[in-house]
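With chain A fixed as given, assemble chain B onto it according to the hints.
Chains A and B, in that order, are what the protein sequence lines are.
Using the working numbering, the first residue of the first sequence is number 4, and each one after it goes up by one.
Using the working numbering, the first residue of the second sequence is number 146, and each one after it goes up by one.
These aren't lab readings, by the way, just hints derived from the structure by calculation.
For every residue, glycine included, the Cβ atom is placed at its ideal position computed from N, Cα and C.
Among the clues, some could well be false.
As the list claims (entries may be wrong) - In silico BS3-like cross-links for lysine-lysine, where the CA-CA straight-line distance does not exceed 30 Å:
| hint | chain 1 | residue 1 | chain 2 | residue 2 |
| --- | --- | --- | --- | --- |
| 1 | A | K136 | B | K559 |
| 2 | B | K192 | A | K258 |
| 3 | A | K233 | B | K419 |
| 4 | A | K225 | B | K292 |
| 5 | B | K292 | A | K56 |
| 6 | A | K233 | B | K380 |
| 7 | B | K666 | B | K646 |
Claimed, not checked - Stretch-level coverage of chain A by chain B, calculated; a stretch enters the list once three of its residues show a Cβ under 8 Å from a Cβ in chain B:
| hint | region |
| --- | --- |
| 8 | 49-59 |
| 9 | 63-70 |
| 10 | 105-112 |
| 11 | 116-128 |
| 12 | 296-304 |
As the list claims (entries may be wrong) - One-sided and incomplete, this derived list gives chain A residues near chain B with beta-carbon spacing under 7 Å:
| hint | residue |
| --- | --- |
| 13 | L41 |
| 14 | I44 |
| 15 | E95 |
| 16 | E98 |
| 17 | M102 |
| 18 | D238 |
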Amino acid sequence: MNFQQEQKIVIRRTPSPEISDRIRQGKKFIVVEDSFDLGNIPNGYSLVDVKYKGSSFKTLIPQSLIFYMANPGEGSIDDALDEISDFYGDVEDFEEDIMRENGTSVQETDWAVMARGSYRTYLINKLVKSGRKNNEGEPVPEFKIDELNRLRLYDPEVKKITKAIAALALGKSIEDVGEYSVDGVLRHVTFTEVKTEQLSREEFDRITCWAGSHYEIRPEFKDEGYKIEKRHDRDFKTGTRIITRTRTVEAEIRKFEDEIEQIRKEKGDEIGRHDRALVRQYVNLVHIANVDSGNQLDIMPSEGRVKNE
Amino acid sequence: MSKIPPASITVELRERDVRDDLVRIIEDMGKIRNEHISNSQIPAEIKDEYLHLTYRLASVVKGLINENRAKEMQDIVKTVDKDRRLLRYDSRQDLYWKRRIPAFSQCLDDLVIFGMGDSFRNMEDKHHFLQALKYLAIENETNFDEKEIVLDSILPRHGGIETHTEGITRRILGRILGKRYRLESDQGGYTAVTNFVTFKDLESIVEIAREMGFSKLTISSDNGDAITNRFSGAKVDSEANTDYSQTGFVDGLLRVTKPLSYFIIGSLPERIQKKVNAKYEHYDGETGFYISAWFEALGGIAAGLYAGVKNDPSLGILIGAPFVAEAIIRGSYSSSKSRVIGTLAGKLLMYPFEDSLGVETLNPCLVDIPLLNQSESERCRISDYEKAALIEMPDEIEESLIWSAGNHHEYGNKFAANVNGNLNIGKGFVDKEHQAVIYNQGIPIGDYIKKSWLFCFHNERYLITGIAENNVPDSDKLTLTGRIAEELTNGDLESLGERTKRIGTEDGMKYIRLRRYSHGKITHDYEGMN
Numbered sequence: 004m005n006f007q008q009e010q011k012i013v014i015r016r017t018p019s020p021e022i023s024d025r026i027r028q029g030k031k032f033i034v035v036e037d038s039f040d041l042g043n044i045p046n047g048y049s050l051v052d053v054k055y056k057g058s059s060f061k062t063l064i065p066q067s068l069i070f071y072m073a074n075p076g077e078g079s080i081d082d083a084l085d086e087i088s089d090f091y092g093d094v095e096d097f098e099e100d101i102m103r104e105n106g107t108s109v110q111e112t113d114w115a116v117m118a119r120g121s122y123r124t125y126l127i128n129k130l131v132k133s134g135r136k137n138n139e140g141e142p143v144p145e146f147k148i149d150e151l152n153r154l155r156l157y158d159p160e161v162k163k164i165t166k167a168i169a170a171l172a173l174g175k176s177i178e179d180v181g182e183y184s185v186d187g188v189l190r191h192v193t194f195t196e197v198k199t200e201q202l203s204r205e206e207f208d209r210i211t212c213w214a215g216s217h218y219e220i221r222p223e224f225k226d227e228g229y230k231i232e233k234r235h236d237r238d239f240k241t242g243t244r245i246i247t248r249t250r251t252v253e254a255e256i257r258k259f260e261d262e263i264e265q266i267r268k269e270k271g272d273e274i275g276r277h278d279r280a281l282v283r284q285y286v287n288l289v290h291i292a293n294v295d296s297g298n299q300l301d302i303m304p305s306e307g308r309v310k311n312e
Numbered sequence: 146m147s148k149i150p151p152a153s154i155t156v157e158l159r160e161r162d163v164r165d166d167l168v169r170i171i172e173d174m175g176k177i178r179n180e181h182i183s184n185s186q187i188p189a190e191i192k193d194e195y196l197h198l199t200y201r202l203a204s205v206v207k208g209l210i211n212e213n214r215a216k217e218m219q220d221i222v223k224t225v226d227k228d229r230r231l232l233r234y235d236s237r238q239d240l241y242w243k244r245r246i247p248a249f250s251q252c253l254d255d256l257v258i259f260g261m262g263d264s265f266r267n268m269e270d271k272h273h274f275l276q277a278l279k280y281l282a283i284e285n286e287t288n289f290d291e292k293e294i295v296l297d298s299i300l301p302r303h304g305g306i307e308t309h310t311e312g313i314t315r316r317i318l319g320r321i322l323g324k325r326y327r328l329e330s331d332q333g334g335y336t337a338v339t340n341f342v343t344f345k346d347l348e349s350i351v352e353i354a355r356e357m358g359f360s361k362l363t364i365s366s367d368n369g370d371a372i373t374n375r376f377s378g379a380k381v382d383s384e385a386n387t388d389y390s391q392t393g394f395v396d397g398l399l400r401v402t403k404p405l406s407y408f409i410i411g412s413l414p415e416r417i418q419k420k421v422n423a424k425y426e427h428y429d430g431e432t433g434f435y436i437s438a439w440f441e442a443l444g445g446i447a448a449g450l451y452a453g454v455k456n457d458p459s460l461g462i463l464i465g466a467p468f469v470a471e472a473i474i475r476g477s478y479s480s481s482k483s484r485v486i487g488t489l490a491g492k493l494l495m496y497p498f499e500d501s502l503g504v505e506t507l508n509p510c511l512v513d514i515p516l517l518n519q520s521e522s523e524r525c526r527i528s529d530y531e532k533a534a535l536i537e538m539p540d541e542i543e544e545s546l547i548w549s550a551g552n553h554h555e556y557g558n559k560f561a562a563n564v565n566g567n568l569n570i571g572k573g574f575v576d577k578e579h580q581a582v583i584y585n586q587g588i589p590i591g592d593y594i595k596k597s598w599l600f601c602f603h604n605e606r607y608l609i610t611g612i613a614e615n616n617v618p619d620s621d622k623l624t625l626t627g628r629i630a631e632e633l634t635n636g637d638l639e640s641l642g643e644r645t646k647r648i649g650t651e652d653g654m655k656y657i658r659l660r661r662y663s664h665g666k667i668t669h670d671y672e673g674m675n
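Isolated chain A, as found in the complex (with noise of 0.2 Å):
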């Protein structure tokens, strides 16, 4: 490995000829050359050039994106949402050609930075309104009622289990979820998921065969977490196995995820491109925000173009 502090990355740009092609592929971060036309804008799109320390990114980028993203919650929630994810696939197809040659760049990493924040943004708009003020004559947000009642969130079902989420982000343990409380949850980690047990002799048996001088664990066991100890001693028959649980945090919080659609589709639910950021938006601002705001869920832009998928 070796660290460089100066080195010129090419950026792979669309040349002229080729943005009509992307732009009906619907594409909505077309990166173009240094030498673009600005009479070759197209409609509907926005030459965009970032500069930084003297270095210049130009990209084509759908004005109603630059609208949204410049006025975080402002316009057609529900089109910002969807601009939003498709234009952070495009950024994200994009530093994947950089990725592959090791390249970097300052701007383009703005821009999917950018597109993160706008869509929490969106997503927190699309739960949330400005409701009657306060003393200070400022607005207090209020939570959509019809928008809650469409995610079912305040179905007592679907209520347990988005406490539960965030009691799992919390760091509870999973054996305490059932309690389904955040009330004085302090953050502790807790790894159920990995046991080291010793074996029985019969199991002893089954895994190992004498190799003349030694034990040895036998080649279809090799993978599955077993530790022998190897010593010219055939009564010495002691070991240990690691198992590893499938039921991990993650797969819980994703298990509980997918019971919240199940339970809304066996409601006779649509389920909406962006409901699962929606449900995870909910839970932060619901549960976790106040209580350790590092320990929200992290919420990137839906992936998919087609909207109910």
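What follows is chain B alone, placed relative to chain A:
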């Protein structure tokens, strides 16, 4: 859409914007890490998203660094090259690396402080910064295998250091000092498993495993209750069953050769005696020990008498007395401590084999000791000082910040009461000499302290954030606040940048940021690293 953006837009990114991006990226990486810190499996799409975030962090770090910082980064990368275990560095292993390669840990600390600046919040972020450096280090790598190894190692978390086998020299030293242990990690790197450890060594083993970033230490011991009492959260995992069903030939031999085998085994070191006792149905540890001790005493007397009668009485004493004395010592020590002490000769003879032949416990059980890393619980509280600095106070309240003999006793009270009515930022310190109400706090983060001061002068507020090593005695802290107040009131606004630098340098801060506010607006913003 009310406004259509122009067809062509030029945006100039400032360093401050890039730094803001860096903080947001780190926050997102931290969220992913938190969510997956205890997972044995991280889903592939999460790994990919983390890799994207690492690339972004690498991009902004590279965009911000200067030549000096680049050299430090190069040093970090060289260290990783030398010790490849650092490819799987996790901030939970930091105590281990700090002790072994202090320069590596220090450079990484400096990089985090440089990158996060005012947003410096915990030492876990070192993990993310190292991932970014690893990404940058393979920019020119032509060997795809090497690239792949590095990219594979870019993950939101790693476990403990995977193997810790003592070198031969250390092993010998360890034996001399009475420490024999081997730490092994499980597949996910969460749990350290130690083969054998005496209770008195357990604390140091726990400390080593914690240093190495493990989350749990699994130990086989017959002292399960004592361990669970000593280490909070420790619990007995499973009882090991003693199974006599397949002891075969050796057991039969023990039964047939009973008096002789009991004498021999009872003379061996205690751990071997315990092992035989636990393993073979036809050996009774206590009986074996007493047979051995009596045989030794009687044998000593017999040998002494024989030598005394045949040769010289003094020779008889010389030969017999040591055996008799040892037997008495063994017997009395063992009966008072419920132990089965072997003979010195047995100890010396069996010393090289004691580790492999010795037993851990009479009734072995696995005990899990959770190893919480201190840095996990260190989370920075969000300061409300900035909000307080932006509050526009009524003129009457602002005027109360001007000291005169007429308001000597009342000075600062009205202002402090008004701030507390809006925000809960603690009790301000009234400094009549410099005519200010001062708020300050220090949040310890690892080996550092993040200090914030809010100086409220008439129509002026100064918010200072500094990061320094956490070794300033309490007695110096008040003096420091006075010195800064002196510096702030002693000069014009043009020299504020210079004065900020001076405060940072004189008070040994690694990072300092000073913001000046007036009438609810920020007017000056200086930042510096030492």
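Hints versus structure:
1. K136(A) <-> K559(B): Distance ~27 Å between K136(A) and K559(B) Cα, so the pair holds.
2. K192(B) <-> K258(A): holds (19 Å)
3. K233(A) <-> K419(B): holds (20 Å)
4. K225(A) <-> K292(B): Judged against 30 Å, a Cα distance of about 28 Å means the pair holds.
5. K292(B) <-> K56(A): The hint holds at about 29 Å.
6. K233(A) <-> K380(B): Satisfied, since the Cα-Cα distance of roughly 29 Å is no more than 30 Å.
7. K666(B) <-> K646(B): holds (22 Å)
8. 49-59: With 8 residues in contact (Cβ-Cβ under 8 Å with chain B), the coverage given for the region 49-59 of chain A holds.
9. 63-70: Holds, because 4 residues of the region 63-70 of chain A bring their Cβ atoms closer than 8 Å to Cβ atoms of chain B.
10. 105-112: n = 8 at 8 Å, threshold three: holds.
11. 116-128: holds (count 3)
12. 296-304: holds (count 7)
13. L41: Holds: closest Cβ of chain B sits about 6 Å from L41(A), inside 7 Å.
14. I44: holds (5 Å)
15. E95: holds (6 Å)
16. E98: holds (6 Å)
17. M102: OK, holds: M102(A) within 7 Å of chain B, min 5 Å.
18. D238: It holds, given that the least Cβ distance between D238(A) and chain B is near 6 Å, below 7 Å.
In terms of the numbered hints stated before, the structure departs from none.
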